[in-house]
Amino acid sequence: MDTLHQILSFNFLLRNSVYTSMLIGFACPLVGVFLVLRRLVFVGVALPQISSTGIAVSLSLPLWLGFQVTPQREHALVFIGSTLFSVVAILVLAFLERRGRGLPEGRLGTVYVVAAAVSILLLSKNRYAELGWLDLLKGEVITISNFDLVLTAAALALVLAMLSLFRKELLLVSYDRVFAITLGKHVVLWDMLLYLLIGLTVSMAVLSVGPLIAFGFLLIPVLTAQTFARNMRQLTIFASLFGGVAAFVGFWLAYQWDFPVGPTDVALLGFIYGAVFLMRKIWPVQKV
Amino acid sequence: MNISLSKHVCSEPFITFDNLSIGYIGQPILSDISLSICRTSFTAILGANGSGKSTLLKTLLGLQPPISGYVRFSTPDNVPVVFGYVPQAVRLDPLYPLTGFDVVLMGAYGRVKPGRVVPREERFFIKECLRAAMAEEFAQKKFSELSGGQKQRVLIARALATRPDVLVLDEPTAGVDAQATHALLEFISQIHRERKLTTLLVTHDLELVRKHAQHVIWLHGGKVLYGTTSELLSPEHIREIFEMEIS
Chain A
1 MDTLHQILSF NFLLRNSVYT SMLIGFACPL VGVFLVLRRL VFVGVALPQI
51 SSTGIAVSLS LPLWLGFQVT PQREHALVFI GSTLFSVVAI LVLAFLERRG
101 RGLPEGRLGT VYVVAAAVSI LLLSKNRYAE LGWLDLLKGE VITISNFDLV
151 LTAAALALVL AMLSLFRKEL LLVSYDRVFA ITLGKHVVLW DMLLYLLIGL
201 TVSMAVLSVG PLIAFGFLLI PVLTAQTFAR NMRQLTIFAS LFGGVAAFVG
251 FWLAYQWDFP VGPTDVALLG FIYGAVFLMR KIWPVQKV
Chain B
1 MNISLSKHVC SEPFITFDNL SIGYIGQPIL SDISLSICRT SFTAILGANG
51 SGKSTLLKTL LGLQPPISGY VRFSTPDNVP VVFGYVPQAV RLDPLYPLTG
101 FDVVLMGAYG RVKPGRVVPR EERFFIKECL RAAMAEEFAQ KKFSELSGGQ
151 KQRVLIARAL ATRPDVLVLD EPTAGVDAQA THALLEFISQ IHRERKLTTL
201 LVTHDLELVR KHAQHVIWLH GGKVLYGTTS ELLSPEHIRE IFEMEIS
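Those protein sequence lines, which keep their order, are chains A and B. Residue numbers for the first sequence follow my numbering, beginning at 1 and rising by one. Residue numbers for the second sequence follow my numbering, beginning at 1 and rising by one.
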């Protein structure tokens, strides 16, 4: 319990990491709901990895172009790189998914491993990049500055606001595209907005907690909530709560036993999913 | 090419196909369709798989542009026509945890601006639509857990919730058992009669068409035949059509 008091203390050295993990934990499932329901889970796997390649490329730019950057500019650069790569990637991948040609799983699998390899290769040969970036890509939640925390909170607040405001349109175009068109909705426009929000959330998550946790939070809380949710409201709220609470408990456990935070969070999410799944097998949900 | 039977006269055309050619880029499926669908009529679009039913429907709904020609609607002041579209229930993903009410509520989304909450009167109207479709008891049930016939009733309620000018049903009996199919078509006919709603039913079931539709658009062997049900689906005429194909 001592460690819990330490973590909750305002003077806790890693408090920004706790807050950021929780923000990511609450926010990722909100967009993850759409990835799961649209059956774009494999896009959810590849996207954080592509986002991390965006970070690696941004950090390599000064080396390639022969200029130096201050730490603040470096953060701005990686934010732009990560977001740009995420948004462009999801637009391209979703377009290819919708065309339905070729083997989407194979394509996404290839993108995933190549993106992961390129990220590590680029950073391992980059003398300008902080050592911490490599740790981040491996799933370590490192020290997060006040500026990063505020940036993450602001970006995720924007995502939450847009999702709440345009919930009915995003749900309609996801669920029944043809019906949405007959109602005169601009489905491409709404798709673009959704993909932008997913791209922004993923890039913020990868920047703060790395691709491993980002994907874990995008997918597992949604699958967990799906085992018992009776409607969209329950699915969204419970998925978000699972994510946020798991982020906090995961951090606590990692701090207590000196584990890396990322893998602890993801393992905890996996354990919760397994437990809820088994409970539902033993006590099935009563049909209304 | 289309053949309109001479006896058939439309007093008040609502939908007009004017030299319409439909298909995909460079690949017309049906060409030079010219016919008028009467206001408040119950018209079936009949044809085998691959005959062009879906393409005609997509063109009508504005999902796909025609290769040439026009689809015109006779609405006052050229107000855009509102479609009450009923898809095949099997086409909707069961992964979404939506209740019957959630699905029908989507029918009101065309009238509620983005970013706005669905007002109370619209929610009240949704309940009325569920009642009209005899689907009230499915409002709080998960849509994916309903039977084929129950799902179609919910989807008809959703179509009614759009306050439609035209009810368009795309093979609504696909995946529905024989008894439920009969009940469903009786119900659709009743709605058509009571609301005087222009109704288009896409199907390949000749018996359903014979029993319920007033007019038929029959897509057969690249031809479009149009007429009343009694004249087009008479045994002599059907024999003539098939003989024409064999010769």
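Heads up, a few of these hints could be off.
To be verified - As a list, the in silico BS3-like pairs of lysine-lysine whose alpha-carbon atoms are at most 27 Å apart:
| # | chain 1 | residue 1 | chain 2 | residue 2 |
| --- | --- | --- | --- | --- |
| 1 | B | Lys58 | B | Lys196 |
| 2 | A | Lys185 | B | Lys223 |
| 3 | A | Lys168 | A | Lys185 |
| 4 | B | Lys141 | A | Lys168 |
| 5 | B | Lys211 | B | Lys196 |
| 6 | B | Lys211 | A | Lys168 |
| 7 | B | Lys142 | A | Lys185 |
| 8 | B | Lys127 | B | Lys113 |
| 9 | A | Lys168 | B | Lys113 |
| 10 | B | Lys196 | A | Lys168 |
| 11 | A | Lys185 | B | Lys211 |
No wet-lab data here; the hints were simulated from the structure.
Hint-by-hint comparison with the structure:
| no. | hint | result |
| --- | --- | --- |
| 1 | B:Lys58 - B:Lys196 | holds, 24 Å |
| 2 | A:Lys185 - B:Lys223 | violated, 33 Å |
| 3 | A:Lys168 - A:Lys185 | holds, 11 Å |
| 4 | B:Lys141 - A:Lys168 | holds, 19 Å |
| 5 | B:Lys211 - B:Lys196 | holds, 18 Å |
| 6 | B:Lys211 - A:Lys168 | violated, 39 Å |
| 7 | B:Lys142 - A:Lys185 | holds, 25 Å |
| 8 | B:Lys127 - B:Lys113 | holds, 20 Å |
| 9 | A:Lys168 - B:Lys113 | holds, 10 Å |
| 10 | B:Lys196 - A:Lys168 | violated, 30 Å |
| 11 | A:Lys185 - B:Lys211 | violated, 36 Å |
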